[in-house]
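Enquirer: Letter by letter, the chains look like this.
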Amino acid sequence: MRKKWSVGRIFDTGITYLILIVVAFVFFLPCLWLILASFSKSGTIYSFDGFFPKEYSLASFQKLFTDTALYNYPKWFMNTLFVATASCILGTFLVILTAYTMSRFEFKARKPMMKTTMVLGMFPSFMGMTAVYLLMTQFNLINHLWGLILIYAAGAPMGYLTQKGFFDTIPKAIDEAARIDGATNFQVFTKINLPLSKPIIVYTALTSFTWPWSDFILPKLLLKEKDLYTVAVGLMSLDETEFARFAAGSVFIAVPIVVLYFFLVKDMVNGMAQGAVKG
Amino acid sequence: MTRRRIAFAMAMALCVGALSGCGDTVETAENNEGTEQKAESGQVSMGSSVFNGELEKNVTIQVLENDTAISKGYFEELIQAFNEAYAEYGITAVDANMDQYLDLANDGPYGYGPDVLYQANDIIMQYATGKHIYPLPIEQLECYDSIPQTAWDAYKTEVDGTAYYCGVPVNVQAPMLYYRTDLLPDDWETTWDNDGDKVPDMVENWNDMYAFSNSRHEADNSKYGYMKSLYDVYFSSGFLFSYGGYVFGSNNTDPSDIGFSKGEAEKGAWVLQQLAGAMNEECIDDTITSNAYSKLADGTYFATISTPDVYSTFIDELKVQYENEGMNAVQAEETAKKNLVMTTLPQLPASGDLTEEQPELIDSKTMGGVNGYAVSAYTKYPNACLAFINFATSYDMMVTRSEMLGIAPAREDAAATAGGTSELLYKELETGNIILMPSLQEVSQIWTPGQTFFTDLAKDAFRSENEKKYKDLPSMKAGLEEVDQQIYDAIFTLK
Amino acid sequence: MCYGRPVKGIMLFLAQVSILIYFITRGWRDIQGFFTLGTTKGDAWLGIEGDNSVVMLLMGIFAWIILAVFIALYRVNLKDVYQMQKRKEQGKRLLTFKEEAAQFLDKKFYMTVLVLPVIGVCIFNILPILFMILIAFTNYGGAVVPPELVDWVGFENFKKLVTLSQFAPTFFKILGWNLVWAVISTALNYFAGLGLALLLEKECVKGKAFWRAFPVLAYAIPGFITLMAFKFMFSYGGPVNQMIVANGGTAIGFLDLDAKWSARLIGLLVNCWISVPSIMLLATGNLANRDMSLYEAARIDGASRWKQFEKLTMPFMLFSTMPVLLGQFTGNFNNFGIFYFLRGGLYLDDYFLASDTDLLINWLYNLSIDNNYYCIGAAISLVIFLITSVISLAVYIKSPSYREEDTFQ
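Residue numbers (the numbering used here), protein chains in the order written: chain A, 5 to 283; chain B, 1402 to 1896; chain C, 363 to 771.
It is worth saying that the hints were derived from the structure and are not from the lab. Beta carbons: idealized from backbone N, C-alpha and C, even for Gly. Please note: incorrect hints may appear among the correct ones.
Incomplete in silico selection of chain B near chain A, CB under 10 Å [said to hold, decoys possible]: (1) Asp-1468; (2) Ile-1471; (3) Pro-1510; (4) Tyr-1513.
Kindly produce the complete structure, drawing on both the sequences and the hints.
Expert: Encoded structure:
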């Protein structure tokens, strides 16, 4: 196909953009509505003129960050940030290592382990919550943010199959060449495979950051003191008349993830496509 | 609406709901020491030895209050006053800083609960079943004589033939009618006061409320009279009770006898359906529950039903509205307090027909509760806790509470001082028009079936004539029987 | 240990001794507790500190796991000694401790790496699951919660399930819908996500990061908030109905009790809205790994776009995302939140304590958790679990991502 502005090409581009605009619209509209609601002056969703609030103000955001006597949003936010960052780092580290190992090494327990994790992932997880709670009371980790991080990080390797799927597509030939040159397995991993896996690392980091960020079941279970709440639990405890504050809190909760995305987006597609190595 | 929140909070905790019991970390040993001491209270045997009257010195007790009390500043005032009064013993009360719907049975055994807690009677009594709270020597309390026996009975439990009281009533919760006097027609004294008692007829009986709702909506299509989300079992079940329905048999103690369809309860369902006809579709889901505050304030609705503890929220909304209309803050607040009236529910027609001209009237019954304090069985300082409760239920504190939060105190003297609604509600409790929420665990099964039926009933008012499911009283009766059956199934199928 | 490897010997020895100490101090009691599930009933009023059956069960399982580790260590030790002996007999040089340690960064790299994840998964995933499975064989739940003592009841709960005839019609009705739901929503999410990723890969699209940001924004808002927002949007007083009413229509109950199919459809679409962004991100990452020379060749051979998609892109994506697809399937099969938030709190006619949008997991919740019948809940979920796991395991083992892991290498 030549790079020429043929009719078909223009048509194709037009359709593509049309779809993109529709998609953007579909995803953005509900978010926009939430954003507008958070800027609504009246603080209730029922004084809207159709889609838009009647009057705008920053009062909800101001209240969100200054009125902390009962709902300490800044504190919740910092707690969440801490939990999400720590479990993101630990979780990503563990998942990537696990996935890489399962993709690259041959050992007896490998296939049984793959099958086992596949099956374990199918268990209705909320049934196990009772046990997790009991366990944490026994370890004295209730009311500790670290307890939460521990569970998120420890649970992360369960989802390694996704990452393994990615590693399976990286040619083994490179590894073997490196090994012939005398590199240890550890070096092969850090020097060769890791740089190639940026997209999947970014994906993993993003998901393992988002998960604690939006989960409320575990924090609700393990954190009893209001000052230790994460944003999700805190928002749930808001009184029903506090809608604008709820909306403001929900909007602000999305900020770090969007920022993180823009930071990482470059690495996401910078995988092998641009790399020179092909098996 | 508090019911919904609790159900929700419980769902959040998902399956840990019934995790409970006696962990090995909790110190209950010190209770043993006192077994031989004779308690000074009239309560002999179980638990009495715990409250030996010797205040623990230099201790901090954690108190769980509800969010409204905290946000309105009452709780702050209470603990400050208490800490001052008990400074000589070194007893300090602090905010437990936990979720107001916390489940003591779940957290207490492992040492993560508060020492003193304020919750609804049905919740507290579920703790009593598992002995997660202590029976209290209530005769020792200063408030004992001022609180009616009916309120105390909400906290009564019998173990091996002995009666125990596990909580101290603080305030009575029951559905109340909220309406705005400035939305009444100007000439209401001549047109809407047939009995000439200077109280508008539409807040005295449902027939006039129905007529007024219709006329208000006809006059202005965007305006309504009485509005309420009907799915809410807590509010709607009162209509069934007024005509002979009940929750559980034998005075709410026998879960095998479910009585939503008993008596002439179908007449109550009919009343609800007629009322739905005077509203719009929003009564089918929870829309009105959440928009009532602002819609009452902007004059779209004339009246609604809610519990007394949200009085201050209604006032706040109305105040904002008046300020927007140009009043200054002080003026707006005064006007709001003058115009917003909270009163007991209107009377019902004995026939269930809201269009009847000269109906024979009967009292409205409502499902209600008594909120109160209890002492966790996992506390190390029971006597200090008791002292706190004694202080918090004193006449002065109760009057302050009622002033700041608009609640109806369970104390007779405080209710009389607070006057108005508190006194009315207090009388309702005494006459038995407030039916207390059953204190059984099984009560958690009534909500979904009830909610489904009331939703269906409300929806029926908006179905076309040939699609209607509930056209007459027998069909409503059948619908209610279905509710009873579902509740029975939910409780007993897996038992 | 007598082959002059003192450090290694001491390490193994210490590990075994510490486990023994654990068993003497509490492990033994825990194992006993596993069988008795407690003998003294607690009573706070009398100041009796009783046994907590569920904690005993949990710690009992924990003790069993430790015991298994102990036996495994012991076997490793024996094997190690045996191998050293063999090496010696063959006249080979014994590896020094340093060399053996170095192996853990090389030949046995996988062991070093997997130790932490395996421990974590054992404690926080396997232990709770075992606990749950064992609960199905006790009478835990209803009135029997601590301080009451729980007992083992064998297969009682399963017998109850078989004999309850009311269950059967509802079970099959819900199972049917659940399968339809899982298949449709998985396919919908997967292909929409993949399609979106492919669309954004097109050369003609400028500002990819910008376009991709919209789904990411949706992804950044926690799921439960999204669900609550959507529920409100489709409620009678929500913006959708407000617009309908403002334009002279009558309000529509999108999610109310008569709205079987519109509620199901909204559920599917909302679920799509929530899941597509993450699939798109993953697919984007994976697509970056394609071998573009194949496409070049295909183009030269004159293959159409569709052919390229069918023959090159699809097999590649299916291969690298098969586990995700399966994960999506089970995730959707057990999607508790979606209908709980969108349309919870209804029991409809012809269903036994369930509504027509409920999935098995919602029904399970109604029946057991809401009622506190944990043992029955555990039994039902064990049955569901067996069904789903057999299906997905079969699919997984047949899939190329399991059988031919090196297809694309």
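Enquirer: Indicate, hint by hint, whether the structure satisfies it.
Expert: Hint-by-hint comparison with the structure:
The interface hint given for B/Asp-1468 holds, since its Cβ lies 6 Å from the closest Cβ of chain A, which is under the 10 Å cut-off. For B/Ile-1471, the suggested interface contact is upheld, since its CB lies about 5 Å from the closest CB of chain A, less than 10 Å. A least Cβ separation of about 8 Å between B/Pro-1510 and chain A falls short of the 10 Å threshold, and the interface hint therefore holds. At its closest, the beta carbon of B/Tyr-1513 sits 5 Å from a beta carbon of chain A; the interface hint therefore holds under the 10 Å criterion.
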